[in-house]
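Since each chain sits alone in its own frame, please combine them into the complex, following the hints.
Protein chains in written order, with the numbering used here: chain A, 1 to 395; chain B, 1 to 533.
Possibly wrong hints are sitting among the right ones.
Said to hold, decoys possible - According to the in silico footprint, chain B covers these stretches of chain A (three or more CB under 8 Å from chain B):
(1) 40-52
(2) 63-72
(3) 149-159
(4) 164-171
Claimed, not checked - List time: in silico EDC-like cross-link candidates among lysine to aspartate or glutamate, alpha-carbon distance up to 16 Å:
(5) LYS123/A - GLU139/A
(6) LYS326/A - ASP164/B
(7) LYS76/A - GLU507/B
(8) LYS180/A - GLU141/A
(9) LYS348/B - GLU82/A
(10) LYS180/A - GLU250/A
(11) LYS71/A - GLU507/B
(12) LYS113/A - ASP213/A
(13) LYS259/A - ASP134/A
(14) LYS259/A - GLU141/A
(15) LYS181/A - ASP213/A
(16) LYS162/A - GLU467/B
(17) LYS181/A - GLU139/A
(18) LYS533/B - ASP510/B
(19) LYS381/A - GLU297/A
(20) LYS71/A - GLU354/B
(21) LYS200/B - GLU82/A
(22) LYS180/A - GLU249/A
(23) LYS123/A - GLU141/A
(24) LYS395/A - ASP345/A
(25) LYS123/A - ASP134/A
What the hints contain is simulated information worked out from the structure, not anything from laboratory work.
Glycine included, every Cβ here is placed at the ideal spot set by N, Cα and C.
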Amino acid sequence: MTGSKLASLLAGLAATAVSGGAHAVAWYFQSPASGMAQTIDWLHQVIMWIILVIFVGVFGFMFYACFAHRKSLGHKAAQFHENTTVEILWTVIPALILVIIAWPVTKVVIAQKDTSAPDLTIKVTGYQWKWGYDYLRGEGEGISFVSTLSTPREQIEGNAPKGENYLLEVDNELVVPVGKKIRIITTAADVIHAWWIPAFGAKQDAIPGFLRDTWFRAEQAGTFRGQCTELCGKEHAFMPIVVRAVPAEEYTKWVGQQKAAAPKTPAAAAQPAAAAQPVAAADAKPAAQDSKPLPREELVKRGEQVYSANCVACHQANGSGLAAMKAPALAGSKVVTGAEAEQIDVLLNGRPNTAMQPFRQLSDVELAAVITYTRNSWGNKASEVQPAEVKARRK
Amino acid sequence: MSAVVHDHDHDHAHAHDHHHGPYKGLMRWVTTTNHKDIGTLYLWFSFVMFAIGGLMAVGIRMELFSPGLQFTDPDFFNQLTTMHGLIMVFGAIMPVFVGFANWQIPMMIGAPDMAFARLNNWSFWLLPFAGTLLVLSFFMPGGAPGVGWTMYAPLTVQMGIGMDLTIFAVHILGMSSILGSINIITTILNMRAPGMTLMKMPLFVWTWLITAYLLVAAMPVLAGAVTMTLTDRHFGTTFFNAAGGGDPVLYQHIFWFFGHPEVYIIALPGFGVISQVIPAFARKPLFGYASMVYATAAIAIISFIVWAHHMYTVGMPVTGQLFFMYATMLVAVPTGVKVFNWVATMWKGSLTFETPMLFALGFLFMFTLGGFTGLVLSIVPIDIQMHDTYYVVAHFHYVMVAGALFAAFAGVYFWLPKWTGRMYNETLGKWHFWLTLIFFNMIFFVQHFLGMAGMPRRIPDYPLMFETWNKISSIGAFGMGLAQILFLYIVIQTIRSGAPAPQRPWEGADSLEWTHLPTPAPYHTFETQPVVK
Chain A
1 MTGSKLASLL
11 AGLAATAVSG
21 GAHAVAWYFQ
31 SPASGMAQTI
41 DWLHQVIMWI
51 ILVIFVGVFG
61 FMFYACFAHR
71 KSLGHKAAQF
81 HENTTVEILW
91 TVIPALILVI
101 IAWPVTKVVI
111 AQKDTSAPDL
121 TIKVTGYQWK
131 WGYDYLRGEG
141 EGISFVSTLS
151 TPREQIEGNA
161 PKGENYLLEV
171 DNELVVPVGK
181 KIRIITTAAD
191 VIHAWWIPAF
201 GAKQDAIPGF
211 LRDTWFRAEQ
221 AGTFRGQCTE
231 LCGKEHAFMP
241 IVVRAVPAEE
251 YTKWVGQQKA
261 AAPKTPAAAA
271 QPAAAAQPVA
281 AADAKPAAQD
291 SKPLPREELV
301 KRGEQVYSAN
311 CVACHQANGS
321 GLAAMKAPAL
331 AGSKVVTGAE
341 AEQIDVLLNG
351 RPNTAMQPFR
361 QLSDVELAAV
371 ITYTRNSWGN
381 KASEVQPAEV
391 KARRK
Chain B
1 MSAVVHDHDH
11 DHAHAHDHHH
21 GPYKGLMRWV
31 TTTNHKDIGT
41 LYLWFSFVMF
51 AIGGLMAVGI
61 RMELFSPGLQ
71 FTDPDFFNQL
81 TTMHGLIMVF
91 GAIMPVFVGF
101 ANWQIPMMIG
111 APDMAFARLN
121 NWSFWLLPFA
131 GTLLVLSFFM
141 PGGAPGVGWT
151 MYAPLTVQMG
161 IGMDLTIFAV
171 HILGMSSILG
181 SINIITTILN
191 MRAPGMTLMK
201 MPLFVWTWLI
211 TAYLLVAAMP
221 VLAGAVTMTL
231 TDRHFGTTFF
241 NAAGGGDPVL
251 YQHIFWFFGH
261 PEVYIIALPG
271 FGVISQVIPA
281 FARKPLFGYA
291 SMVYATAAIA
301 IISFIVWAHH
311 MYTVGMPVTG
321 QLFFMYATML
331 VAVPTGVKVF
341 NWVATMWKGS
351 LTFETPMLFA
361 LGFLFMFTLG
371 GFTGLVLSIV
381 PIDIQMHDTY
391 YVVAHFHYVM
401 VAGALFAAFA
411 GVYFWLPKWT
421 GRMYNETLGK
431 WHFWLTLIFF
441 NMIFFVQHFL
451 GMAGMPRRIP
461 DYPLMFETWN
471 KISSIGAFGM
481 GLAQILFLYI
491 VIQTIRSGAP
501 APQRPWEGAD
511 SLEWTHLPTP
521 APYHTFETQP
531 VVK
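With the rest of the complex left out, here is chain B (with noise of 0.2 Å):
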């Protein structure tokens, strides 16, 4: 009997230990079950890999500062817009956001921990690896490919060994997604609090719900078109080579029936941030909650139905380009109500400009223009002009950038006080958005212009006649680089100094963590879950 108790009291001694925190040192990063811990290695992964991209950006913007090749051969500058793409749509702003997911989604809901703790660990740490194998490319022989993020066939043929590295990278990320995917939607369905219903949840868990649903749909559609140019490269097939029955098009097709969604996948999880935030600082309930979640699930559909929008210029039937030209034009309809709606929740509000609001109201103007250029593309006769040109870029880097980040940036200074207890400065945070604004402007407004004159994009070398509005770009891109060194600084400022933050920071913040938890909230949260009326 008495072995009995002491068999207790030492189960009991060792559950009261591990309730004290995780392990210590490199291990408790290693071994890690805790959402809050998970979410913080995506963040710092996605920032390590956003420098990483960052650094690429400026040597590709270093080689167009001038006509003339200065510091790249033709073929390197490939490979660095490659990986510029890579890093940043999968190494940056995916792990960016479900940083997000991690940290907050148990949080809102009023759950303990994500639904597969175990598995959480697993999504995380397969993503080092395959960020390794991006970079590790370039020492391969004939280093990283040069084929553009898009990896068309069949160029993808003529690549050395780097472009295995790559696709192999792609998989593990693919299969970190869709774990990742796997968590977020089961925790959502199965782990809010009493009384949370689905149209009570804050926004930005119904835009992550919908997210993550598009990622378990989007990402083994790309896994199988790069498993089939793996096997067009080293095993004899011929899926995307008319020689043995193929087509180079059928890749474009798979690509992008994964890559449109995948703009969603990124920004919807931003739109998400821009929902909670907006209210927050207008101290005023979002407009069109209901309308909004349809919007967001509108877009998600209608997301798998445009994919050839990308591909006006193969020489597609008449029939096919208007479909996907119609169906895109469709896309403006429930992204506007967003904005509409985002527009709405400002007006008659109590307005106050913190930084997260600032970056908030970056993302609203300047994600909006770039769904202007959107609609611009959509129109086929306008896009066979643009295809491919700069204008391209300067759109999709207003979505991605204006867009992604600048929603990134908003989240991280709104819950940073919550997720470190301390507040950052104020000041500092300011100027980095206007350093950022400016730059980004610099950068991208000015490629409109390029685009529209005929500069193709992925050139290493242009025509005199694109010469002021390269060099007014690149200025723009080495501002923006610095810029963000600047963020780096707050960040560790406020982990290491900041004042000590309140529990709710934000006057008109309203979801679980900031109401129900002390700041920085604990480790464990929610071990017994809230009652939500």
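So here's chain A without its partners, still in its complex pose (with noise of 0.2 Å):
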């Protein structure tokens, strides 16, 4: 693709023209990581000079008139009011000057399009308000996972020291190897969100419904965050998205562990100690270990993190509810110390047209503890539900 090729030169004359420690301040791009990212870079840079050209020689003219046509310093007024051959040329030059920049941007464009000849393809859903990832085709496929925001609520509160990645961490990354075609396809299961990596310069919209599709390669290891750039609600703020990107044999190592770990719980490897619980997406194949029954201490004491992770954003820790999500009080609610088979229901399927989704994508574990707790706290007293009654309504 002369697109590609266009970009890798590119990328030379801007890591010339971008000085490495530029970034200390956030101030300008993410340091590049991509090509893309760097021939956005360096667009960027030819149109700002442009710019200041033209912004220096009309303000140059306008400072000018102010300094020394001033009727303090006894300036007369001329009275001229038109000059035929100045205003076709200041129509006709910008105008020149805009073809002059289309030309290479239509070439980028062309390529920031190009999505085909993947070396991976990854689907990419959006949930209010996190990201489920499914590797769909070429190594590592049928790895699939949902990733969360790992800052704990106490930073965001500030009852904790905020740390060095706050709000830019999460339980399950991404991870990538060095320099393949990454495809991503974009989806999501309520409302739209927007899936970003600024250091790869790939931004595309999750929408409800459709499919779209966006690419990057990434040049370097390392690990590029980035956030959801289109308003979902409430958590909109808090639903990061970050990539790990390794060489193609950490890669190897890392989709052997996924499968191997896959029937309990396929994130574990890239779980940090002290994060949330992991939220496997097990409901294409449920583990054996899923139906076993588990006394009901265990399964309040995991229901409680699995809320925390899940649920609390709206129906909020003490179970009060938020009437601004339309997220009823749990506390003393008909259908939590109802009947089991209706609140299993809405959390499989979810309330149509509101912001509680369906919750499939959680293990029969954790859907059966969640309940438990949610039936078992704040002065709530209903029966316990265990993980083979979630199964059986799994249908």
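Structure (structure tokens):
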């Protein structure tokens, strides 16, 4: 593709133009980690120089007039009010400058839209408020997990010092191989989200009911962080995207670990010790272990963790709900203290046209745990729910 | 026979009374059909909305002063950004220019009043109801909608009853705008004084004629978009829901088909004000009058074919992206012509720098900056990096605040003597300008950096690397808010105790309201139309 050749050519230029240390203060683009991001950086600089020249020209005239053509200096006003030649010139010249700009930009646009022949295809699903990743084709095919913010609530509410990657850290990072073309297919389960990694120059809206795509090729290993960039409701600020680009061998190793761990907790490898419970997309093939009965205390304890990772934003820590999200109170709720089957169905299928989405991606154990937790907290007293019951209603 | 004479006398007496002026007290303002009264109502209404929207902005900036959640929960924060946008666009900036239109168009074209005087009353009195609905939505269960002023589907479906109030408010605002526009178009086309040909009209009148056409064409489209949102919410339709064959992106196409012309609806009357102010203080005729008219018309026409540049990240086909990019870049040509003309008007003039001129220069300088960042954003690959970041926030505030709001301030200081018969305090006016200019740039210039560094817009909390610029921005916002209290003080002081103004306080001002009418402009003007040579 000529576009990518151009991109790599421009990348070299951009690398010399941007000094490495310029990013200590966050005032300019993040250091590009893909050819496309470098190209964008280069284009931006070219256009800024053109703008600067025009700016100095136009406002040079204006400020000179402000200085020299003042009444207080006794300047008498001339009375000219048109000049056809000048007017034609300052219509045609800007138009020509625009054509000159449009030419290289067009090539980049075409390259940016070219998602053909990827090495790895990953489907990204936006949820309120987390990201689901499914490796569709290429090495790692079949890997599937959900990625949620791992910054503890105490940091957000100011009860604990904020960490270095405050709001830019997740429980399960998206892992990709360096140097490979990664095609990202986006969609969403509820409202529109947008998936963005600034260092890759890749941003694509995730639209419910539709598939869209973009691509990137990480030129260096590292961890790259971005945020959801389409307003998607209350927790829009709290669903970051983290991509870890690793060398090919390491990626192969990671895939092996994921495959091995898949039946239980697929993302355990990427799991920081202190982070919230892994939320494995186990609904494709629920593990045998999932149906084992568990004691009530264990369900409640685990349920509290699942609750604080998935439910607390709307239903609140004290189960009081949130009117703004039309999230009903769970404390004293008829559904929560009523028939088990009904509550299981709400969690599996969601409530249409509300922020209550299906939570099928959670495992039977996790769902049973969180249901049991809600049925036995905040004054609620009701039966416990076992993983087997959830499994039975999962059809 | 005597009865007939008596009747005649009675009628005459009644008519005579009427000529002495309006009703007294509140009913004057409720029943008025006088374009000056209605203009005044529009101006005060927009100031009240400007204050409310400004308070919301201060709330937003308080929350963003530091990372973490301090003052608002994220949902209320979203409500603030949404309502700040809607109230400023529909409640403050649009009505302020309709206020100018009401006061100035009849005086500038030598007409006695607007063409449809009663309709004019209704156009205004729709607004307070719409404004009230918008503010009331905060007190509904679930609060105001937290969807952003663009009200993208399908997030709108999740909102509470506040969303419906907002939809109805938008309907009413649209109705008001359309009625007002019909009135303005009819007035300009039919009620010009003899000799006032179209190409002799002051440029302010021209820009409003073109703006009114934009409003008539664009507002119904917005009404359609929000009506579809309403039926999707309550009546089971699925215009924007893929599960029923709809498409969320359709909403964006419809919204921006309105939304981009809306940008020029806000900007063009401001261009008109600037085109009156700069020649007056340069003591030199406007350079390139005809090309200004053509450029304005060109901008208006192009504004209808660039809408999808707000949507580069939805995943359009490559041809779509290229078309909208080229069309958008094209806007720079007529806009450039206008800027060059304004600078050429100043060139070899005899310049003075009273407050209206300062605001006009502030407009020229910073609106052009906003235009340049618009050019940057027109480039698809760069926009994809910047889309929905603070760079975009900075860009459109340079256009809306440093553009439209500065033009409105220039207009208020320029015409206040004609409206009130009194001069404002020049020293305080200059203070107002410099404080507003400095604080405005403190708020918004640094937001370019935030956007480039990757801070998304519409977030109540942010990663630590964005803290410095956010602090500067917030301090600027508090300062700019305080500076507007000074503005209110200046206006009230002028009305109460300003020095009497001469008929033509600005040496270079040459339109009819300065040359043919006393100061203050009497309640009824041009009952006999002047002849323009």
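Okay, the hints, checked on the actual structure:
Counting residues of the segment 40-52 of chain A whose beta-carbon sits less than 8 Å from any beta-carbon of chain B gives 6, enough to reach three: the coverage restraint holds. For a cut-off of 8 Å, the count of residues in the segment 63-72 of chain A with a CB near a CB of chain B stands at 6, and the three-residue condition holds. Remark: the segment 149-159 of chain A is confirmed as covered by chain B, as 4 of its residues place a Cβ nearer than 8 Å to a Cβ of that chain, reaching the required three. A stretch counts as covered by a chain when three or more of its residues have a beta carbon under 8 Å from one of that chain; for the segment 164-171 of chain A and chain B the count is 5, and the coverage holds.
The hinted pair formed by LYS123/A and GLU139/A meets the criterion: a straight-line CA distance of about 14 Å does not exceed 16 Å. This hinted pair checks out: LYS326/A and ASP164/B have alpha carbons roughly 15 Å apart, not beyond 16 Å. Between the alpha carbons of LYS76/A and GLU507/B the distance comes to roughly 13 Å, so the proposed pair stays at or under 16 Å and holds. Taking the CA atoms of LYS180/A and GLU141/A, the gap is about 15 Å. The hint holds against a cut of 16 Å.
For the hint pairing LYS348/B with GLU82/A, the CA-to-CA distance comes to about 13 Å; that is within 16 Å, so the pair holds. Proposed proximity of LYS180/A and GLU250/A is supported: the alpha carbons are some 14 Å apart, at most 16 Å. Between LYS71/A and GLU507/B, the direct Cα distance comes to roughly 11 Å. Compliance with the 16 Å bound is thereby established for this hinted pair. For a cut-off of 16 Å, the pair hint linking LYS113/A to ASP213/A stands: about 8 Å separates their Cα positions.
For the proposed pair LYS259/A and ASP134/A, the alpha carbon gap of about 13 Å is at most 16 Å, so the pair holds. Restraint check for LYS259/A and GLU141/A: satisfied, since their Cα atoms lie roughly 10 Å apart, inside the 16 Å limit. Our distance criterion of 16 Å between C-alpha atoms is met by LYS181/A and ASP213/A, whose separation comes to about 13 Å. Straight-line distance between C-alpha atoms of LYS162/A and GLU467/B comes to about 12 Å, which keeps the hinted pair within the 16 Å bound.
Among the hinted pairs, LYS181/A with GLU139/A is consistent with the structure: their alpha-carbon atoms are about 12 Å apart, no more than 16 Å. A distance of roughly 13 Å separates the Cα atoms of LYS533/B and ASP510/B; the hinted pair therefore holds under the 16 Å criterion. Straight-line distance between C-alpha atoms of LYS381/A and GLU297/A comes to about 14 Å, which keeps the hinted pair within the 16 Å bound. For the hint linking LYS71/A to GLU354/B, the alpha-carbon distance of about 12 Å falls within 16 Å, and the restraint holds.
At roughly 15 Å between alpha-carbon atoms, LYS200/B and GLU82/A fall within 16 Å of each other, so this suggested pair holds. Restraint check: the Cα-Cα separation between LYS180/A and GLU249/A comes to about 13 Å, which is no more than 16 Å; the hinted pair holds. Annotation: proposed proximity of LYS123/A to GLU141/A holds, straight-line Cα distance about 11 Å (limit 16 Å). A threshold of 16 Å between alpha carbons decides the hint, and for LYS395/A with ASP345/A the separation of about 10 Å falls inside it, so the pair holds.
This hinted pair checks out: LYS123/A and ASP134/A have alpha carbons roughly 5 Å apart, not beyond 16 Å.
Checked against the numbered hints given earlier, this structure breaks none of them.
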